[in-house]
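Peer 1: This is what each chain is made of:
Number of protein chains: 2
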Amino acid sequence: MNILVTGATGFIGTNLTRELRKQHNLFVLGQFEGDHEKLGLPGIVMTDDIQPLADYIKSNEIEGIIHLASLYLTVHTPDQIKDLVFSNVYFGTAVLEAASIAGTVKWFLNTGSIWQNYNVKGPRYNPVNLYAATKQAFIDMAKYYSDVFGIRFCTLKLCDTYGPNDTRRKLFKLFKDYSESGEVLNMSPGEQKLDLIYITDIVAGFSHLVDLLANDEKLSDEYVLTSGHQIPLRELARVFCEVSDRKLNIQWGGRPYRDREVMVPWIGVPLPGWKAMVDIKKGVRLFLGED
Amino acid sequence: MNILVTGATGFIGTNLTRELRKQHNLFVLGQFEGDHEKLGLPGIVMTDDIQPLADYIKSNEIEGIIHLASLYLTVHTPDQIKDLVFSNVYFGTAVLEAASIAGTVKWFLNTGSIWQNYNVKGPRYNPVNLYAATKQAFIDMAKYYSDVFGIRFCTLKLCDTYGPNDTRRKLFKLFKDYSESGEVLNMSPGEQKLDLIYITDIVAGFSHLVDLLANDEKLSDEYVLTSGHQIPLRELARVFCEVSDRKLNIQWGGRPYRDREVMVPWIGVPLPGWKAMVDIKKGVRLFLGED
Numbered sequence: 012m013n014i015l016v017t018g019a020t021g022f023i024g025t026n027l028t029r030e031l032r033k034q035h036n037l038f039v040l041g042q043f044e045g046d047h048e049k050l051g052l053p054g055i056v057m058t059d060d061i062q063p064l065a066d067y068i069k070s071n072e073i074e075g076i077i078h079l080a081s082l083y084l085t086v087h088t089p090d091q092i093k094d095l096v097f098s099n100v101y102f103g104t105a106v107l108e109a110a111s112i113a114g115t116v117k118w119f120l121n122t123g124s125i126w127q128n129y130n131v132k133g134p135r136y137n138p139v140n141l142y143a144a145t146k147q148a149f150i151d152m153a154k155y156y157s158d159v160f161g162i163r164f165c166t167l168k169l170c171d172t173y174g175p176n177d178t179r180r181k182l183f184k185l186f187k188d189y190s191e192s193g194e195v196l197n198m199s200p201g202e203q204k205l206d207l208i209y210i211t212d213i214v215a216g217f218s219h220l221v222d223l224l225a226n227d228e229k230l231s232d233e234y235v236l237t238s239g240h241q242i243p244l245r246e247l248a249r250v251f252c253e254v255s256d257r258k259l260n261i262q263w264g265g266r267p268y269r270d271r272e273v274m275v276p277w278i279g280v281p282l283p284g285w286k287a288m289v290d291i292k293k294g295v296r297l298f299l300g301e302d
Numbered sequence: 012m013n014i015l016v017t018g019a020t021g022f023i024g025t026n027l028t029r030e031l032r033k034q035h036n037l038f039v040l041g042q043f044e045g046d047h048e049k050l051g052l053p054g055i056v057m058t059d060d061i062q063p064l065a066d067y068i069k070s071n072e073i074e075g076i077i078h079l080a081s082l083y084l085t086v087h088t089p090d091q092i093k094d095l096v097f098s099n100v101y102f103g104t105a106v107l108e109a110a111s112i113a114g115t116v117k118w119f120l121n122t123g124s125i126w127q128n129y130n131v132k133g134p135r136y137n138p139v140n141l142y143a144a145t146k147q148a149f150i151d152m153a154k155y156y157s158d159v160f161g162i163r164f165c166t167l168k169l170c171d172t173y174g175p176n177d178t179r180r181k182l183f184k185l186f187k188d189y190s191e192s193g194e195v196l197n198m199s200p201g202e203q204k205l206d207l208i209y210i211t212d213i214v215a216g217f218s219h220l221v222d223l224l225a226n227d228e229k230l231s232d233e234y235v236l237t238s239g240h241q242i243p244l245r246e247l248a249r250v251f252c253e254v255s256d257r258k259l260n261i262q263w264g265g266r267p268y269r270d271r272e273v274m275v276p277w278i279g280v281p282l283p284g285w286k287a288m289v290d291i292k293k294g295v296r297l298f299l300g301e302d
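Protein sequence lines, in the order shown, are assigned to chains A and B.
If you're matching positions, the first sequence starts at 12 in our numbering and goes up one per residue.
If you're matching positions, the second sequence starts at 12 in our numbering and goes up one per residue.
Hints are computed from structural coordinates only; laboratory data are not their basis.
One or more of the hints may lead you astray.
Note that identical chains are pooled: a pair holds if it fits in a single copy or bridges any two copies.
[Unchecked claim] Below, in silico cross-link-like pairs of lysine-lysine (DSS-like), each with a Cα-Cα straight-line distance of 25 Å or less:
{"hint": "1", "residue 1": "LYS154", "residue 2": "LYS258"}
{"hint": "2", "residue 1": "LYS286", "residue 2": "LYS132"}
{"hint": "3", "residue 1": "LYS292", "residue 2": "LYS181"}
{"hint": "4", "residue 1": "LYS69", "residue 2": "LYS93"}
Quantities reported herein were computed from a predicted structural model and do not represent experimental measurements.
If we strip away everything but chain A, and leave its shape as in the complex, we get (with noise of 0.2 Å):
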């Protein structure tokens, strides 16, 4: 298949599109020039005019587009705003509006966050934060033309994820660079759980909804990808501790948990077919390098 990527070269675009070139044509689109040389794909960057990339779409014959690109933002600033809707709202409609425009799409992959799920008790959209607002928004634009063209799509959404190799300033990275220097990490109390993926599962969860997209299965309008498994923060700090061998100085209490802190992530409904295999302890090893 021909497939379109975005935000492919952040931690998951990475991995994924090494797992996935090797069975499909990938194309990159790209925010800055050298993105898609910098994977060795072919790619095309965007700019404010849509037509170059809808006729780029059309000329390719891509059939699904996956969309990673995302700006992440825990906690947004006023002057962040623009950035985030620019981002996380308009981006993904240009493409759309591309795809519909060259006509050759069958499919659009989105890449959601249970962070558009506050409230675990009950089904409905309820935003932890303004970027899981901005996930929201981008479904409803994009409803449109899934409704009007026929664009077959679905939301993926995560949970946290970690891995090698991951520019992000994630837990285990903060753990690993104060286990080594020995100084007092302050944290919350700490008794929030944490739904975290290994990426090779991440990778292979994308890969799975590809293929039932592609084989036009009968699909709800969105899936997510969990562990199986909430661990409490403090016993995250213990395993990872267990399995390196390493000690770590945290101070409890030491800062007080954000305000709307996730204590519970939302599970929803997980991805049929799929389910991570790539435990706790084995991740962590895998993260240090140790396996």
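Fit chain B to the known structure of chain A by using the hints.
Peer 2: Quick look at chain B alone, frame taken from chain A:
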């Protein structure tokens, strides 16, 4: 009450502010310098910096916001998408951000469209066009602010509006122009039904919802202003001719229906305690300045 109004210089805005200023202290958030001077009201112009607006809201102790500003496009072109997203998603979000910083705002009256619901059979969101999709996307953004900052948010969905001095090229203006020129007016087959509300009834609807919001009445997320009558386009032409004693040279079927022509308007949940007072014959007379 101290109320901030966006889109105050538009058709609904000019009529609404003329009425509301009798009871409330109105402040205008304009897109351009001079917007509020034109209306003889105090105001501020929107810039890229949200802080001055937050300061303005706080120092004027704004309690409520009426959000009328909108970019309306029946059919969009690719190069208009950025404007659509910016005007209909970003702008309102920036206003809510300013309101959340100011901390004085208790309620936000949003303007929606029945075109967010193309499928009249279901209650679900199903946009007629990309404009309607941006309306829904903004509601998603707003949910963050209502959930986190407790700002009461309610959307008033409008169908078609009409009245004198409307600069938009709407139906009765078209009829008026063609009845004067005598030219042939090519129209669709004309079986689509319209739900038309005269401007004074629209103003009364907004004014009533302002009261409900300010008085902490228990409210739904959204209401619709419906005239209670859905009248086929052909019948509207007949009424126009009868009331005005003019002739229209209409070629029915001289142009095809639009893609996704709305044949039957959605009704949803009508605003409680409000009723349209001006029927279509009276409305046409008022439109023509004959009453």
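Peer 1: Now look at each hint and say whether the structure bears it out.
Peer 2: Hint-by-hint comparison with the structure:
1. LYS154 with LYS258: neither (49 Å within a copy, 42 Å between copies)
2. LYS286 with LYS132: within (23 Å within a copy, 38 Å between copies)
3. LYS292 with LYS181: within (17 Å within a copy, 66 Å between copies)
4. LYS69 with LYS93: Answer is between; shortest inter-copy Cα gap is 22 Å, intra-copy 30 Å.
Of the numbered hints listed earlier, the single one contradicted by the structure is hint 1.
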